[in-house]
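Peer 1: From first to last, the protein sequence lines are chains A and B. Residue numbers for the first sequence follow this note's numbering, so the first one is 108 and each next one is one higher. Residue numbers for the second sequence follow this note's numbering, so the first one is -10 and each next one is one higher.
Hints are computed from structural coordinates only; laboratory data are not their basis. Treat each hint with caution, since some may be false.
To be clear about the criterion: a stretch of chain B counts as covered by chain A if any three or more of its residues have a C-beta under 8 Å from a C-beta of chain A, and this derived list gives those stretches [stated by the list, open to error]:
#1 36 to 48
#2 188 to 200
#3 207 to 214
Treat the numbers as computed from the prediction; the structure is a model and nothing was measured. A virtual CB, placed ideally from N, CA and C, is assigned to each residue, including glycine.
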Amino acid sequence: MKHGRYPFIIGFLIVPVAIYGTFVVAAYLQAFQLSFTNWRGFSPDVNYIGFDNFTKLFQDDTFWKAIRHHALLLVFLPLFTIVLALFFSFLLNVGGGSKGGRTRGVWGSKFYRVVFFFPQLLALALVAVIFARVYSPDESGLINGILNQFGSGPVLFLADKNLALWSILAVLVWQAVGFYVVLFSAGMGSIPTEIYEAAALDGATRGTLFFKVTLPLLWNTLQVAWVYLGIAAFDAFALVNVMSVDRGGPDGATTVLGLEIFRNMQDYAQFGYASAMGVVLFFLTITFAALTLRVTRRESVEL
Amino acid sequence: MTNLRTDVSAPPPGTVPYPGRRHAATASGSKREIKLFSGFAHVALAVWGILVIAPLIWVVLASFKSNTEIFTHAPFSLPSKLSFETYKTAWTEAHIGRYFFNSVFVVALSTTGTMVFGSMAAYVLARYKFIGNRFIYYLFVSGLAFPVFMAIVPLFLILQNLNLLNTYTGLILVYIAYSLPFTVFFMTAFFKTLPEQVAEAAIVDGASHTRLFFQVMLPMAKSGLVSITIFNVVGQWNQYLLPVAIMQGQGADQKWVLTQGIANISVSAGYQANWAALFAALTLSILPMILVYAFFQRQIQSGLTAGATK
């Protein structure tokens, strides 16, 4: 086993490590470095300006708008998605009542699962284009076309400051629910039916079954779901970039950090400032993930 | 449940409830409750099913309509005639065909690269002890914690310095690089589960380390490889931020991938936009996904959820 070990190990690692080092590790390290400069891409020498980018950032209204939007998405994206997905997967798995002492899923549960999951396969950019049309403010939009049939006035989903972000949130939920239905269904499927039967024999209602049996046994999966959806809430770039009125509008009502980073890089060539935003985004994400895992930690129930 | 049961099984006043009778009544009561619940379940599930499918059907219907029809007719009305004119426009004038094949080309190469390099690294990290093993492993895995947005500015500059901006090579290498953390993480765990004896036997038989990997270990890791390949294909096919950041500059629109191309048609469409062609373009990009999904739905579901269950 010893013969030719090191040449082999090096031979196998060199390409992946080189690619990863060049495009990922170097990029992340440079992001920290650039965030302390005012580099704009032209001059060969780079000026270090300490924490100036960050102080400027914390006085930037647009930045705080973006943060508020992330906060809203961070609360409601996981909340709506998980509640809906839990509800549907519970119906799918134990909605059919029991036959011969076994709780079953509703008839056609496999079909529902296949349909629900499909949006997950579509690129977020594609979903954004579809829903930009669905939300269209005139009769050519799906929703306003239907409202028009009933003689109801058009709703300006994306042009109304108070509605725009919620409309985008709805699209995120639309796409995500199916994935979590499949995930939770897998989790529920691994709960032994005897537990349900025992609880049912003791006279537990479906509500009790759900809250006292299903939820505690699914806790780890729920935790993972919350972290995943939270991380998605820090993104939303594709949707906002494609759907929103003048990218992040109306009047900054939908902007997110990803979009601001992109704008500062592409339109204003503010490489240092954009990097500082990236660094802040990193610390926000990592704090969120660590906090969630810590706060929601419980004794996991072993089966 | 309790409400329903008392309603149905409450004995009429004055009768003495026989134990047996009471039991029967409860059973029929709970049967009724089940029917009700299952009916409610079907309604709730069907509503969500319709919410998922309706926009997609609407897109397909609208792709056959004329622009006037889209504006004046009900959203789910049938198109007045079946014409593929809009599809021709979408394919040639809006370049959907080109974008589609660009995507196929990029993803074919980048996923292959990801799987080859990812499993090579994962294999060595999982089964060989050497100095720096843990360091390299954690270097790869830590990539999972960083948002891509943070890297986007330096990445742009790195590619510019290497003259790889606006090239397929650059895009493919970047796709590979950003898919490695998860691929290495997952495949390392997978290679660790493979039995030691087979490897030892192969070495005794005189197989080299390289041959052992390609002829013994890779075939044994097939199920893991399939899951992660699907995961990477879908992830890279749907990538939007990276191509938007990398494929720009002169003549970039010839090299765009599908997500970029479609998003651009939508964003740059003014008031006189040919919406029908946009809907045709959307249909053309959704259709292959439906076909692939129809054949591989089980593998796709388990491949995409692999990340969350590990």
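Peer 1: Decide, hint by hint, whether the structure agrees.
Peer 2: Structure-based check of each hint:
1. 36 to 48: Check passed, 10 qualifying residues.
2. 188 to 200: holds (count 5)
3. 207 to 214: violated (count 0)
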